[in-house]
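> Listed below, chain by chain, are the residues.
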Amino acid sequence: MIIPLKDLAAHIGAELRGDPEHTVESCSTLELAHDGQLSFIYNSTYIKALKTTKAGVVILSEPLADECPVNALVVENPYLSYAKAATLIHQKSKQVGDIHATAIIGDKSYIAKDCVIGPNVVVSKNVSLQSGCTVSAGCFIDDNVSMGKNVTLMANVTIGVGTHIGDNVTIHPGAVIGSDGFGYAPLGDHKGWQKVPQIGHVVIGNNVEIGANTTVDCGTLGNTIIGNGVKIDNQVMIAHNVKIGDHSAIAGCAGIAGSTTIGKHCTLAGGVGLVGHISIADGVHVTGMTMVTHSIKQAGVYSSGTPFQTNRDWLKNAVRFKQLDKLTKKINQLIKSQKDD
Amino acid sequence: MIIPLKDLAAHIGAELRGDPEHTVESCSTLELAHDGQLSFIYNSTYIKALKTTKAGVVILSEPLADECPVNALVVENPYLSYAKAATLIHQKSKQVGDIHATAIIGDKSYIAKDCVIGPNVVVSKNVSLQSGCTVSAGCFIDDNVSMGKNVTLMANVTIGVGTHIGDNVTIHPGAVIGSDGFGYAPLGDHKGWQKVPQIGHVVIGNNVEIGANTTVDCGTLGNTIIGNGVKIDNQVMIAHNVKIGDHSAIAGCAGIAGSTTIGKHCTLAGGVGLVGHISIADGVHVTGMTMVTHSIKQAGVYSSGTPFQTNRDWLKNAVRFKQLDKLTKKINQLIKSQKDD
Amino acid sequence: MIIPLKDLAAHIGAELRGDPEHTVESCSTLELAHDGQLSFIYNSTYIKALKTTKAGVVILSEPLADECPVNALVVENPYLSYAKAATLIHQKSKQVGDIHATAIIGDKSYIAKDCVIGPNVVVSKNVSLQSGCTVSAGCFIDDNVSMGKNVTLMANVTIGVGTHIGDNVTIHPGAVIGSDGFGYAPLGDHKGWQKVPQIGHVVIGNNVEIGANTTVDCGTLGNTIIGNGVKIDNQVMIAHNVKIGDHSAIAGCAGIAGSTTIGKHCTLAGGVGLVGHISIADGVHVTGMTMVTHSIKQAGVYSSGTPFQTNRDWLKNAVRFKQLDKLTKKINQLIKSQKDD
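Residue numbers (the working numbering), protein chains in the order written: chain A, 1 to 341; chain B, 1 to 341; chain C, 1 to 341.
Simulated from the structure, these hints should not be mistaken for laboratory data. Some hints could be false.
Sample of chain C residues lacking proximity to chain B, with all beta carbon distances greater than 10 Å (derived) [claimed, not checked]:
1) 52
2) 102
3) 120
Here are the simulated lysine-lysine pairs, DSS-like style, with alpha carbons at most 30 Å apart [what the hints assert, rightly or not]:
4) A:329 / B:329
5) A:195 / B:51
6) B:330 / A:326
Chain C residues, not near chain A, derived (Cβ > 10 Å throughout) [stated by the list, open to error]:
7) 63
8) 89
9) 180
10) 193
11) 282
12) 330
Glycine is no exception: its CB is placed at the ideal position from the N, C-alpha and C atoms.
From just these sequences and the hints, can you work out the full model?
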């Protein structure tokens, strides 16, 4: 979308320093941007690139404005303002109202008139899609699924029976929503496992984004719940009956075991694991690959793991870890014996 | 399925205390269940909910029976009995014998008459599906695959060349069975890698369940083998030539490297990693996110990792880990010097 | 493919000891191979199997040649030579030039004449596939994708907008290339997140292999780059703007956060995690499940984590880890007080 800087300034609430009629039509980095492109800088690390940029306009904050050799949009929070500007510039011109000839729509399913349904999409029975939804090639939507407005399913997504999805939700390719939870009762006597039917559903709020090849299991009884504004990255595993509070964000490869509840405004970094049946307070941030084995009652930042080293050093230290309790006892003994002296 | 309590009691071997003609048709929690629903309680944590439940019947054990205000099914193991009862009540009424018009069936492939093949399914050549199989939308089954009775493939599953699947197996959406193993020979002189052809197959026993987006690689030579009754959760990675013993269960995000053998009746919790070419005895249980770097010869419970803390405390301790060997030596020196005194 | 030993010897540069006219047509293990099969041995562990093998020919190195009871192909590097020989023997006889009737090819897309496009494949607009490409059932290729020669997409692969793929690349089932990166700007005041449009692409070099259900995100601005000869296993997560140097290999379940750069000839073992915005030198090898939290400037082997133990022992040691800093201080105090004596 071609847009004059005066309109861009109004859209993001920026002070424009430069030519209000100049237009941009895409975004790029400070180094690569040309005259028709928008760029941004949010900290002084890249100031050298700023000084030589050929961008049509740069979004930046006041302290850097004087260093900008081209048009500038001065804002308080350049990263956020860039996100808003780039969203406007790169908005997709949507087709409207097209159901591909190869799409299969089941009995009693309702597709609002302006939805776009791609090739080889299969929509089962009693499904409803409200206005503005887009379903890309190869998606499968099972019985009794309901979607709000402006839901986008990218290619090859699977939505299980009875899933409810709110408005403005995007689900990336290969994600599976509403698969069976992992629930079995031991049969005893080494006879194996009896499956516990997984008859609950997944309920997803508004403004949620779910990454590629992520899986969200349905509830065993009751539902798995993803709150409003939750952002989930690729290859995240969310087990049955998990509840995620509004606006929490979960990075790639994290795994959350069954019936665990996460508060609002939490962040889990990549590869974090949460055991089942625990509760995480609002405002908790967990650093990468941390193993969370019990509930967290207070907001804050939490971590586990050991720092990496050369394998040679690590081997020496790791083997000592196996004796850490004995070591501690030795020291306590030593201290005690000193005091006794 | 609507079922009178007397039939339910007979099916699960329970003592019925209440009205044998009362019927239930679905399951719910103690809190939410109504008169037409079954619920259960398996420990006294939920006794308050039991006392006020409006369920049609509750499955419970003798000690809690007196507290039950509604019909009761008294059993020894309420969780297992619930699993069996819920399976009966929620059994799906299956369509039979339907091959969707858009399904593609390759030459010399046999599909038993009562199988259900969904839209856009592609079955290649020389495939055989025995009685009662269901293949959902978008699945791809490559050449020379054989499936036993009552195999269910959920949507968008991929089954690679030559895979053999036993009876009563369920594979959840997005799973990939029989993909190439990760095998390369170094070319030397920094020239990169020569692929080792992955010409073995995957052999899956009876009563196996495999989770959404899980991957099971074929063998390099010989086969990758999943034993009878094995249960595998979502996003598990099983490499080439792995062998998993009967009735073992593997939770989400676990990864098992090539040629490793797991015994019978083992459990791996979420995020566990096993290196390649090791052997795990029968009856081994590994806790979440544990890294298993060598064979385990004895049944038991095994763990690794460090407990999580506030990031502030963790940083202090983690940095000390890097000096743990030196610390241990200091202490041993100290003790020695004391003894020498 | 049936091939006489004299041709096999020439192909891999081996010295043949035995019958040059003898033919083999497939590969197997020393134990299972019959007269028409090739096998190999690369270390003396399996010498017992060598002595009794019934293979048609065995690839081995000089020191083991005297123990071989059947035809032998003597080479310097048996594993590499086996890989080359097996690749020749098991090469697939390719169909040529077949676009399945159910495939959908968008406007302005070019498919070279000898490509094979499977059932239910969807190719969008402005896509180009050079000579010898194979696209299996259910793949989706979005707008403006370009592929070089001999690219193979296995079933149900998704390729996002603008992805560029080089020659001789294989992508395994369920992989997603070019999905959106996980980029959001905080809105402040607990209002949640503003999406940052992900408008870069993925650029994949020549001779790359990408595993089943792996995801590679597109760049935010600029591209995510996978170098020549890179091998990526299953369920690997590669975030936006990551760069991977030539011939590096990444094993299953590894995760690489945004904007991280990996050098050439590196290996990451299974489950390794790299934080974002760091740089890994050429020739770095990271052992399984290691957490890499800052840049690595020198080639070498790196590790983190703790060794596994029985849960009973681990619990005792793990709790001590939480006091490791205090313990260290106690010891330093003790040593100081001794010196002061």
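> For this structure, which hints from the list above don't hold up?
2, 3, 9, 10, 12
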